[in-house]
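Build out the structure end to end from the sequences listed, making use of the hints.
In the order they appear, the protein sequences are chains V and E. For the first sequence, my numbering assigns the number 1 to the initial residue and increments by one for each residue that follows. For the second sequence, my numbering assigns the number 316 to the initial residue and increments by one for each residue that follows.
I should point out that these hints are in silico values taken from the structure, not numbers from a laboratory. Treat each hint with caution, since some may be false.
Unchecked claim - List time: in silico BS3-like cross-link candidates among lysine-lysine, alpha-carbon distance up to 27 angstroms:
#1 444/E with 115/V
#2 129/V with 350/E
#3 129/V with 600/E
Protein chains: 2
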Amino acid sequence: MDKVIVTGCAGFIGSNLVDHLLKKGKQVQGIDNFKTGRIEFLDEAFSNPNFKFKNVDLFTNNNLVDSFQGYDILYHFAANADIRFGYQNPRKDLEQNTIVTHNVLEAARLAGINKIVFASTGSIYGESKIIPTPENSPFPIQTSLYGASKLAAEGLIQAYSETFGIQAWIFRFVSILGPRYSHGHVYDFYKQLLVNPKLLKVLGDGSQRKSYLHVNDCLMGIDIGIDKSDEKINIFNLGIDGTCSIKDSINWITKSLRINPRIEFENKDRGWVGDNPHIHLDIDKLSKLGWQPKNSIEQSVVDTVKFLEKNHWLQ
Amino acid sequence: MDKVIVTGCAGFIGSNLVDHLLKKGKQVQGIDNFKTGRIEFLDEAFSNPNFKFKNVDLFTNNNLVDSFQGYDILYHFAANADIRFGYQNPRKDLEQNTIVTHNVLEAARLAGINKIVFASTGSIYGESKIIPTPENSPFPIQTSLYGASKLAAEGLIQAYSETFGIQAWIFRFVSILGPRYSHGHVYDFYKQLLVNPKLLKVLGDGSQRKSYLHVNDCLMGIDIGIDKSDEKINIFNLGIDGTCSIKDSINWITKSLRINPRIEFENKDRGWVGDNPHIHLDIDKLSKLGWQPKNSIEQSVVDTVKFLEKNHWLQ
Numbered sequence: 001m002d003k004v005i006v007t008g009c010a011g012f013i014g015s016n017l018v019d020h021l022l023k024k025g026k027q028v029q030g031i032d033n034f035k036t037g038r039i040e041f042l043d044e045a046f047s048n049p050n051f052k053f054k055n056v057d058l059f060t061n062n063n064l065v066d067s068f069q070g071y072d073i074l075y076h077f078a079a080n081a082d083i084r085f086g087y088q089n090p091r092k093d094l095e096q097n098t099i100v101t102h103n104v105l106e107a108a109r110l111a112g113i114n115k116i117v118f119a120s121t122g123s124i125y126g127e128s129k130i131i132p133t134p135e136n137s138p139f140p141i142q143t144s145l146y147g148a149s150k151l152a153a154e155g156l157i158q159a160y161s162e163t164f165g166i167q168a169w170i171f172r173f174v175s176i177l178g179p180r181y182s183h184g185h186v187y188d189f190y191k192q193l194l195v196n197p198k199l200l201k202v203l204g205d206g207s208q209r210k211s212y213l214h215v216n217d218c219l220m221g222i223d224i225g226i227d228k229s230d231e232k233i234n235i236f237n238l239g240i241d242g243t244c245s246i247k248d249s250i251n252w253i254t255k256s257l258r259i260n261p262r263i264e265f266e267n268k269d270r271g272w273v274g275d276n277p278h279i280h281l282d283i284d285k286l287s288k289l290g291w292q293p294k295n296s297i298e299q300s301v302v303d304t305v306k307f308l309e310k311n312h313w314l315q
Numbered sequence: 316m317d318k319v320i321v322t323g324c325a326g327f328i329g330s331n332l333v334d335h336l337l338k339k340g341k342q343v344q345g346i347d348n349f350k351t352g353r354i355e356f357l358d359e360a361f362s363n364p365n366f367k368f369k370n371v372d373l374f375t376n377n378n379l380v381d382s383f384q385g386y387d388i389l390y391h392f393a394a395n396a397d398i399r400f401g402y403q404n405p406r407k408d409l410e411q412n413t414i415v416t417h418n419v420l421e422a423a424r425l426a427g428i429n430k431i432v433f434a435s436t437g438s439i440y441g442e443s444k445i446i447p448t449p450e451n452s453p454f455p456i457q458t459s460l461y462g463a464s465k466l467a468a469e470g471l472i473q474a475y476s477e478t479f480g481i482q483a484w485i486f487r488f489v490s491i492l493g494p495r496y497s498h499g500h501v502y503d504f505y506k507q508l509l510v511n512p513k514l515l516k517v518l519g520d521g522s523q524r525k526s527y528l529h530v531n532d533c534l535m536g537i538d539i540g541i542d543k544s545d546e547k548i549n550i551f552n553l554g555i556d557g558t559c560s561i562k563d564s565i566n567w568i569t570k571s572l573r574i575n576p577r578i579e580f581e582n583k584d585r586g587w588v589g590d591n592p593h594i595h596l597d598i599d600k601l602s603k604l605g606w607q608p609k610n611s612i613e614q615s616v617v618d619t620v621k622f623l624e625k626n627h628w629l630q
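Set out below in structure tokens:
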């Protein structure tokens, strides 16, 4: 039976991954430092004897090798996952995404782990001229410190793979929605509407188009990518056919909440410095291996709102 | 008159750049820590009143902003420049190339410098399937820790440009030859032949093809890229039309030295782990702005051998 490590196990996607792997019967060693993760997300995992947990800071800890000994595959999902605040603290993405990935790779190598799964992002394509954007699109220009830090992490993983023989699966995500989603625009809008259900203030003009994937579809995609692709380095987009506008998303949120607020748009062409106005990934490569998202973008948004309504402690 | 900073000013390319900028009448602040740079390379610069020097470690120094105040343009040429030793010390490229670039960018931003010139590498294309490789080739896979660290640095520069309005010129070099060249295969071969002119041991089978550009042509290319391209982010390959094999290069070296050693090849398909068997960059983009290398690869090799013969202190 596979013994797996999940870094960032208390995060939105990481904790869903842990539950998913436990359901498949894996032995899971979860690692988190609760800087952005939530211990409540591990309630289900802690009730499973196949789950072990270590509170470790992957940036400062000098003894990661001990924690990594005896495992077969490492899912590196720990990250500073919020693209929006790079300009306030330009070193954070470097430390938490790039340097931490180096620390994890080096410890994995020394511990003899030779399979790595990495949560990357469609942000690394910058403002691609090819939309939907395939994995082998032209060499991109970075537009955010977050994207740059994940690109750097991907490069490290690839170089480790080539230099030390580690096998890698890199998944480039669009924005993910679903249970335990706890940052991003649906969360921000929900919080605003909880305080004042009559008014919603929106950065941008509402016309920005984005893709959103349900976390369950994301996890299925990761499984299929690992099971069906056995190259030294395996890179897959995880997105959805089609996009929605922020206006669509607002309609679904307010309909789900049965409210009808006034919407105030701030007419900028994008929401924040470093935001990508349009991320829409080509998912042909993984689709050809048999994967298809089951949830529409609307279903993902509604599912997220329902989770937030049931989990006011998250506010 | 422009006031410029050159990091890595005592390195092979950095010191040639300093002399070149001083000849053009610029005021130059050179920065180095002599870890791989040589103070002798600055002999000419020190005799020029427009040159100032600071011994600063860009990785550990927390007060770079002071050193950067009052300058218009920063040439970031400090780096761990040897691709070959990543597997012996996997953190070195991360620290000296990626993290140092972040330190330099952040200090430049805080000091109000809004133009950056960066020495990148054709290694970031990994094992490109498109040869010669253009700047907009498909999204590459990294094959060395060195390449990954430079890719990460490029991403940081691009993200700083987008986030903070810094203008950037990124030059991706093939291997550079010429005066002050002090690592790489011509240097290694010359050193071997100095000890024993009758035998040369060569990693690989001698069929590997590479491009080499003369440092003077490299500096002319940088000037033309900066003068003729005024985008927010300007990316140019700096290489040469054509390649030579290691066997060609050995012939030119031994002919120049007037010796005829026995050559022993170790028949591997590449010289070392992480080495690229074939780097040949497409230089159309910069050529269209009026740049062409003046030195053939043979001339560059011979010029390098002549420099090494005159500078035995370098051994």
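Going through the hints against the structure:
1. Distance hint between residue 444/E and residue 115/V is fulfilled; the C-alpha atoms sit about 26 angstroms from each other, no more than 27 angstroms.
2. Distance check on the hinted pair: residue 129/V and residue 350/E sit about 42 angstroms apart at the alpha-carbon level, beyond 27 angstroms; violated.
3. For the hint pairing residue 129/V with residue 600/E, the CA-to-CA distance comes to about 19 angstroms; that is within 27 angstroms, so the pair holds.
In summary, the one numbered hint that this structure violates is 2.
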